[in-house]
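Participant: Now for the letters of each chain:
Number of protein chains: 6
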Amino acid sequence: MDERVLAHVMREVEAGTADMIQPRYTEIPTFMRRPHRPDMKGVEIGMIGVPFDLGVTNRPGARHGPREIRNQSSMMGWVHHQSGIMPFDLCEVADLGDVRIEHRYSLDEGIAEINAFYEQVVAARVTPLTAGGDHSITYPILKAVGAREPVGLVHIDAHCDTLGEYMGSKFHHGGPFRNAVEAGVLDPTRTVQIGIRGMSEPLWDFSYDSGMRVIHIEEFYDMGISRVIEEARRVVGDGPTYVSFDVDGLDPAYAPGTGTPEVGGLTTFEGQALVRGLCGLNLVGGDVVEVAPPFDPSGVTALVGATMMFEILCVLSEAVSARRTKAA
Amino acid sequence: MDERVLAHVMREVEAGTADMIQPRYTEIPTFMRRPHRPDMKGVEIGMIGVPFDLGVTNRPGARHGPREIRNQSSMMGWVHHQSGIMPFDLCEVADLGDVRIEHRYSLDEGIAEINAFYEQVVAARVTPLTAGGDHSITYPILKAVGAREPVGLVHIDAHCDTLGEYMGSKFHHGGPFRNAVEAGVLDPTRTVQIGIRGMSEPLWDFSYDSGMRVIHIEEFYDMGISRVIEEARRVVGDGPTYVSFDVDGLDPAYAPGTGTPEVGGLTTFEGQALVRGLCGLNLVGGDVVEVAPPFDPSGVTALVGATMMFEILCVLSEAVSARRTKAA
Amino acid sequence: MDERVLAHVMREVEAGTADMIQPRYTEIPTFMRRPHRPDMKGVEIGMIGVPFDLGVTNRPGARHGPREIRNQSSMMGWVHHQSGIMPFDLCEVADLGDVRIEHRYSLDEGIAEINAFYEQVVAARVTPLTAGGDHSITYPILKAVGAREPVGLVHIDAHCDTLGEYMGSKFHHGGPFRNAVEAGVLDPTRTVQIGIRGMSEPLWDFSYDSGMRVIHIEEFYDMGISRVIEEARRVVGDGPTYVSFDVDGLDPAYAPGTGTPEVGGLTTFEGQALVRGLCGLNLVGGDVVEVAPPFDPSGVTALVGATMMFEILCVLSEAVSARRTKAA
Amino acid sequence: MDERVLAHVMREVEAGTADMIQPRYTEIPTFMRRPHRPDMKGVEIGMIGVPFDLGVTNRPGARHGPREIRNQSSMMGWVHHQSGIMPFDLCEVADLGDVRIEHRYSLDEGIAEINAFYEQVVAARVTPLTAGGDHSITYPILKAVGAREPVGLVHIDAHCDTLGEYMGSKFHHGGPFRNAVEAGVLDPTRTVQIGIRGMSEPLWDFSYDSGMRVIHIEEFYDMGISRVIEEARRVVGDGPTYVSFDVDGLDPAYAPGTGTPEVGGLTTFEGQALVRGLCGLNLVGGDVVEVAPPFDPSGVTALVGATMMFEILCVLSEAVSARRTKAA
Amino acid sequence: MDERVLAHVMREVEAGTADMIQPRYTEIPTFMRRPHRPDMKGVEIGMIGVPFDLGVTNRPGARHGPREIRNQSSMMGWVHHQSGIMPFDLCEVADLGDVRIEHRYSLDEGIAEINAFYEQVVAARVTPLTAGGDHSITYPILKAVGAREPVGLVHIDAHCDTLGEYMGSKFHHGGPFRNAVEAGVLDPTRTVQIGIRGMSEPLWDFSYDSGMRVIHIEEFYDMGISRVIEEARRVVGDGPTYVSFDVDGLDPAYAPGTGTPEVGGLTTFEGQALVRGLCGLNLVGGDVVEVAPPFDPSGVTALVGATMMFEILCVLSEAVSARRTKAA
Amino acid sequence: MDERVLAHVMREVEAGTADMIQPRYTEIPTFMRRPHRPDMKGVEIGMIGVPFDLGVTNRPGARHGPREIRNQSSMMGWVHHQSGIMPFDLCEVADLGDVRIEHRYSLDEGIAEINAFYEQVVAARVTPLTAGGDHSITYPILKAVGAREPVGLVHIDAHCDTLGEYMGSKFHHGGPFRNAVEAGVLDPTRTVQIGIRGMSEPLWDFSYDSGMRVIHIEEFYDMGISRVIEEARRVVGDGPTYVSFDVDGLDPAYAPGTGTPEVGGLTTFEGQALVRGLCGLNLVGGDVVEVAPPFDPSGVTALVGATMMFEILCVLSEAVSARRTKAA
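Protein chains in written order, with our numbering: chain A, 1 to 328; chain B, 1 to 328; chain C, 1 to 328; chain D, 1 to 328; chain E, 1 to 328; chain F, 1 to 328.
Calculated from the structure, these hints are not laboratory results. This one's a predicted model, so the numbers in the text were calculated from it and none came from an experiment. No residue lacks a Cβ here, since even glycine has one placed at the ideal position from N, Cα and C. Treat the hints loosely; a few may be bogus.
[What the hints assert, rightly or not] What follows is a list of derived Cβ distance ranges for each label pair:
#, chain 1, residue 1, chain 2, residue 2, range
1, F, Gly184, D, Asp209, 53 to 59 Å
2, B, Ala322, D, Ala15, 37 to 43 Å
3, D, Ala7, B, Ala116, 29 to 35 Å
4, A, Ala112, D, Arg324, 51 to 57 Å
Could you build the full structure based on these sequences and the hints that come with them?
Facilitator: In structure tokens, the structure reads:
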């Protein structure tokens with residue numbers, strides 16, 4: 001085994017946190033078998049579950065996402081096979097548990113409570129990596145993460161999610177990024193949306209009007225992945241940037257377990273390549289949303305969700321570590 | 001074929017409503033292949049879908065119930081094999097479609113809109129037979145059905161559903177019958193709850209305090225089904241009575257596709273016998289709730305839901321027909 | 001191990017037919033891991049697959065029944081735990097393979113070809129035990145088995161299956177027993193139908209008119225299983241008798257994987273008890289039909305089918321052995 | 001929202017046909033939530049279900065296709081995200097219901113009845129867009145559509161489906177295009193078959209001998225999708241052309257719920273691109289066949305079927321609209 | 001809410017262990033949402049997972065049992081609805097995590113490691129309640145629990161599991177109780193085996209020879225449940241007694257997700273009644289085994305496993321509490 | 001039909017081995033419906049099942065692989081559609097049945113028994129084509145196949161499988177190729193591993209140190225498939241070469257039913273192209289491993305396994321035939 005890896009494993013064994021050498025089907029599943037640290041102390045990157053799906057317009061079930069992603073995340077390892085990044089070595093990474101919500105029947109109040117939790121996370125100087133939940137949760141997260149300075153966004157999805165009020169609320173899962181722009185926490189000119197397609201196109205005027213860069217799936221295949229990555233990096237630039245990965249950006253062959261599947265989407269390899277391409281950016285948080293286990297008979301979608309979290313974790317840990325170094 | 005049945009079939013063929021002689025897998029599925037009559041004109045018993053599950057405390061999915069119950073309800077026939085009741089011959093029965101709800105993200109507002117719809121149904125002198133949706137929908141139905149006079153209730157369920165406010169709302173699926181009593185539309189002393197068991201027992205004080213007759217599953221098996229029916233009939237008496245059938249009253253072996261399964265429940269044969277035992281009562285409406293298709297890989301729960309609707313329809317059509325005769 | 005069992009096993013080991021001591025998930029699955037003997041030589045009881053479902057009126061899929069029943073039948077053993085019958089010790093039992101059918105798209109011609117095969121089976125003095133396929137296959141089997149003398153019938157099912165022509169053919173799965181009576185190979189006065197219920201009741205006039213004894217599921221529970229068995233034995237008497245077990249006679253909780261499920265049916269324990277109660281009758285063949293694997297996500301229905309075949313095999317082997325002894 | 005879209009929505013709201021603004025899981029599902037118009041009056045494009053699978057040589061189940069495609073088709077929208085086509089704005093589009101078939105057990109008679117229905121459709125000057133059913137249904141459709149003039153064909157499939165008689169019939173799902181050529185309603189020299197692969201290659205001599213252009217999956221990837229589209233357009237030319245999309249042309253990862261899956265097939269993105277590439281041709285009808293819900297545990301195949309119908313509808317409505325304009 | 005319950009909840013809220021008032025789909029799942037206490041300090045009843053299935057003779061998968069039982073066990077509550085027992089109030093109950101096994105590929109060594117763990121549990125004076133894993137794990141548990149004094153046993157199962165060596169080992173899941181008797185830790189004359197049936201009958205000589213009381217499923221139904229409970233209590237008497245619940249004792253309709261299903265078994269209601277009937281016995285531990293999630297598409301079997309653990313926990317906590325009182 | 005194919009079919013019909021013209025869902029499934037020849041006489045290529053999964057480190061179930069692959073392999077045909085190879089015409093191909101293993105609970109002894117079987121296969125001059133089973137089985141196969149001369153290897157997989165001892169054994173499924181090199185039966189410098197990715201990267205030092213050519217999935221897409229094939233052919237050269245295809249080399253969208261899925265993998269088309277690219281090499285055996293049916297709800301993974309066996313069979317039969325010709 002690679003010496004650097006071995007050294008890390010040994011440190012974990014000594015610290016009693018080396019659950020990862022146990023077989024993957026054993027023990028109580030935390031995210032990627034990291035320690036459970038609801039007190040956040042000493043944590044640099046906090047993995048958080050938001051079991052909330054009151055924002056869906058079609059099939060609910062994403063509230064079960066965090067549990068199944070945790071379950072499948074036992075398959076994750078210590079080192080990224082392509083980049084060689086060892087996130088648990090670069091940063092203190094823990095599972096902060098789930099956001100607790102008091103008002104379980106109200107979309108609007110739930111959104112407020114999620115925001116309150118993330119304000120604590122930000123206050124504790126923890127960089128959040130979230131497993132949803134439906135996409136409505138990204139707005140209250142961004143509201144906390146972008147409070148000091150509007151963030152840029154790399155957004156992988158079939159839908160732009162910039163609709164306004166619909167059926168009595170503006171906090172549903174089709175609108176978080178409009179809400180975030182209107183709240184002044186997301187910079188639309190530093191926002192790129194990739195993989196867009198399908199039946200809701202007439203709803204996304206706000207994306208175009210506010211200056212977001214929308215890359216439809218057809219343009220994605222025309223440009224090729226390298227140029228898409230270049231373009232994404234150009235759009236977000238050096239500023240603080242958030243990554244939001246909706247699994248329905250992938251084709252339903254790859255991620256059937258989701259609420260609003262749209263055929264004709266990305267492969268997982270392409271999704272992974274996109275995330276890897278963000279390495280070196282000034283990343284300040286990320287999420288994987290819309291894994292809906294009741295529609296996922298083989299469990300593959302939850303595995304995809306866990307893997308995408310790991311991909312984001314690798315580039316995020318690199319960024320956190322870089323900022324720590326720079327600050328030092 | 002039985003002459004009476006044959007005559008009925010012929011009448012339907014002439015009227016062009018005899019979809020039921022087509023194979024069961026064909027055509028667009030309405031409830032029991034009855035005509036779609038959103039205008040309610042001339043309808044005596046209206047079958048209604050309420051695709052609403054914002055009241056669930058655990059697994060959502062009952063919003064998909066009406067579609068799958070409609071789908072499986074093509075298996076239903078013209079005549080009840082045991083009682084000989086022919087509901088479509090006794091009454092004008094139609095599918096009224098689904099309740100339309102404008103505020104899709106708000107439990108409280110949704111409840112109000114459901115109520116508004118059922119007030120129209122009652123105003124049109126249509127007796128409603130509903131496919132849920134979660135159990136929260138029964139409160140706004142009862143509020144319409146019991147507006148003139150509080151109704152009695154035969155309630156088959158694993159849970160009493162008489163909890164008060166919880167996590168910020170009192171309209172969730174654990175409380176419709178308390179809400180109905182408090183609104184003066186349900187008479188607790190004419191209410192019987194059958195099949196109760198499981199983990200939520202400490203939450204049902206209101207049932208006992210208000211005078212409802214609670215028959216736990218253990219008492220059900222001790223008494224035997226005939227005496228349970230007698231007791232139920234004694235409790236509700238001659239007054240107007242509603243039937244509410246939560247499929248989680250059945251054992252999850254019989255109805256796995258539901259949000260809050262409790263093992264150790266009724267068989268479908270017992271459930272059918274209970275409903276048949278209500279024949280001759282002054283029934284004014286009924287519902288089958290908590291069919292959650294995403295948790296029903298074999299589709300059997302939706303078939304159970306459709307069959308229980310048919311069982312209720314038979315005793316309900318007998319009651320509607322008897323009232324018509326009496327009124328004439 | 002029981003000495004009698006041990007002796008049998010040893011004989012099989014020596015004969016090279018002791019596949020049954022291998023783990024159940026290994027090897028190519030024949031019915032109950034018996035030798036494959038398409039030539040029928042020396043076979044007393046032949047297990048036969050009829051992968052045919054052109055007779056279904058609703059959900060097809062029973063054509064896949066023989067394969068999955070064979071697969072699950074590896075779970076079967078050497079000795080019946082309650083009766084102590086050892087069928088493979090009493091008789092020469094083999095898997096004859098599947099009926100080959102040339103005209104795969106024609107219900108009527110398929111029925112004729114199945115009949116031709118069973119005439120060969122009867123000519124070879126093999127007693128058939130069949131895995132369907134849909135229930136339409138029982139008519140051509142009975143036509144062969146009852147050719148010399150009309151047989152009596154113990155029929156477990158949700159449906160009487162005595163409808164006449166429907167949608168252009170009389171050979172569909174809703175009519176085999178009427179066809180058999182009309183062909184003079186089934187004696188309706190020696191026929192008992194058990195477990196009947198559900199939506200097709202108006203279609204079964206022929207059963208009543210021809211003198212069949214119909215025991216609806218309600219009467220079944222009123223009488224109790226012992227009296228039902230007595231009644232069945234009284235009806236069929238001493239004459240040659242066939243057993244036909246449609247898995248939809250069971251409740252769909254026990255047998256979801258079938259084409260026309262009807263809720264409110266028998267348990268498997270009751271189904272087993274019924275078959276065991278036929279011990280000592282003059283049985284001349286049997287079948288298990290309507291296992292439809294595409295609707296059986298857990299595989300339990302195929303296991304139920306295999307177990308019911310084993311139950312029938314036990315009472316059948318006893319009968320075959322008794323006739324052999326008597327003839328000797 | 002785009003003004004043109006908004007105007008259209010407003011017109012539908014006024015006309016009372018705007019079911020499409022309701023949530024997708026509500027109401028009785030017609031194809032794409034269009035009005036149900038069995039009388040065909042004023043309909044330009046009629047969406048039709050043919051719940052028929054007597055032509056399958058392996059796994060049946062496509063008879064359940066129309067229901068599930070209708071169910072999933074609620075996910076479809078008003079406007080094509082890439083082409084901007086608004087099919088319901090261009091043409092009067094309705095759901096004509098299912099073809100009714102009297103002889104349900106006979107492949108040959110069923111084929112004749114399907115043809116009789118489509119002759120009515122053609123006589124009513126309705127352009128048909130069909131959801132199968134197995135591929136055998138395309139022959140009786142073509143016989144009606146190509147009656148006045150043989151049509152050209154763009155055929156996406158794993159199989160050429162040009163076999164002759166097999167197991168007693170020539171009307172099975174492996175032969176519709178040979179039947180159509182022999183009936184003089186399909187011009188083989190204006191026929192292109194795309195995605196061909198797999199185990200049945202030796203059966204397709206007729207394709208080669210009659211002059212069809214066969215593009216195997218290997219040639220598809222060698223040429224690239226643009227050149228394949230060019231070639232398809234060159235082959236069919238300006239004449240009336242039909243589009244037949246068998247979902248087994250897609251890889252089973254994308255469309256597992258089908259009767260004869262062949263690995264190594266198209267992605268849905270490629271399938272969509274092929275259909276879009278037909279824009280501007282003189283299209284006179286289309287179908288999507290071989291969606292078999294019993295083999296589709298996640299429901300994705302039915303969604304793919306609905307989406308491909310929408311893709312065909314877009315290019316078809318463009319053609320119908322163009323012909324109307326030209327005629328005017 | 002019942003005052004006693006309320007008081008308990010308040011104490012838990014104050015102690016910060018009241019996860020149970022959160023919605024059931026949230027947070028990292030421990031057994032019944034109890035605290036995770038791998039150090040065992042202060043624990044009276046320890047719930048333990050043994051993710052081990054090297055002992056199966058047919059379908060593996062029970063290694064995934066502890067995770068899924070934990071997942072479903074979130075559905076459990078504070079109070080038993082029938083007995084009123086509040087186990088978490090009576091005793092200090094915690095989740096000890098999973099047994100860690102070093103030799104993951106060796107049945108024999110795994111058994112030894114499991115035993116070593118339970119010796120620590122016993123040494124810590126913790127009463128174990130285990131979720132398997134296959135039935136092979138009960139031998140090493142009994143070896144620890146019965147070390148000071150042989151225990152009696154109430155064993156619910158389809159199989160006696162008293163076979164000796166088979167295919168090279170005696171530690172497989174068909175033999176734990178023979179191993180335990182031979183090791184002197186189980187008293188066969190104080191052992192009752194309930195629900196026995198099926199294909200393996202010839203393998204259970206040891207049960208009869210050693211004096212175990214075997215109640216086949218037929219005798220179970222003949223006696224009725226009350227007399228079975230009496231008989232079980234008579235057999236085990238006052239001595240220390242262990243409860244082992246193999247979910248294949250239930251009918252596969254109730255517990256399809258298991259390795260060796262046998263049709264014709266107990267209902268969950270009967271299984272629950274059996275366990276409740278043990279109240280007041282001198283119980284020293286228990287287990288629920290053979291939940292195999294890969295064969296449990298609806299998740300019901302894991303829910304049954306969790307519920308049976310809760311049933312055992314109730315009678316076990318009563319016994320532990322009684323012994324504490326007595327010792328005091 | 002192609003004359004060469006027709007001639008072959010006729011020969012088979014005469015020889016009574018033409019099961020392949022029967023419908024695919026009929027009869028007892030052998031591999032590709034070839035004759036069952038456990039005596040190996042006259043067999044040139046023997047298809048063998050190894051129902052063994054004691055070597056898995058995560059999800060077991062591959063022991064059920066051979067049955068389901070046999071089942072799905074009925075879909076295979078006589079001729080390869082692209083290469084035109086007719087394997088059953090080129091060589092005598094049969095199903096040898098499953099390897100029988102006496103010590104079913106011991107990984108190490110099982111491995112020895114598998115090896116003993118393959119030594120008989122090699123001694124009988126039969127070229128083996130194996131369906132696993134987990135990947136641990138490839139070591140004992142190679143030990144037999146490479147006994148006279150170390151073989152080269154084309155290995156398609158997500159994992160290098162060159163780990164040493166882990167959790168008490170070195171024979172688990174993560175190490176067969178290291179074992180083979182250490183046993184002197186595999187030449188690491190003539191080994192190419194394709195598709196490698198994911199979480200276990202730190203475990204594969206042995207691959208690099210021993211000189212294997214590792215092509216990660218990223219390099220695969222960078223090179224393109226033609227150059228990968230060239231490189232693979234260069235590495236293995238003219239010497240005897242074995243092909244090992246682990247279905248987890250494919251993306252889980254294409255092969256969900258496997259024990260250690262890794263997202264971001266090959267498509268089936270790419271997998272097929274790789275195997276076809278080996279035509280003309282000196283191939284001496286092959287296997288397809290890690291199909292785990294319990295995790296494969298749609299059955300597609302078993303179909304993929306069967307198809308990959310057919311692809312390997314084509315290039316293998318070509319090699320066997322070429323050696324026979326050369327030897328003659």
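Participant: Now tell me, hint by hint, if it's right for this structure.
Facilitator: Against the structure, the hints:
Our hint of 53 to 59 Å for F/Gly184 and D/Asp209 holds, since their Cβ atoms are close to 56 Å apart. Roughly 42 Å separates the CB atoms of B/Ala322 and D/Ala15, a value that falls within the hinted 37 to 43 Å. Taken as a hint, the range 29 to 35 Å holds for the pair D/Ala7 and B/Ala116, whose Cβ atoms sit roughly 30 Å apart. Between A/Ala112 and D/Arg324 the CB atoms are about 53 Å apart, so this pair conforms to the stated range of 51 to 57 Å.
When each numbered hint is compared with the structure, no violation occurs for any of them.
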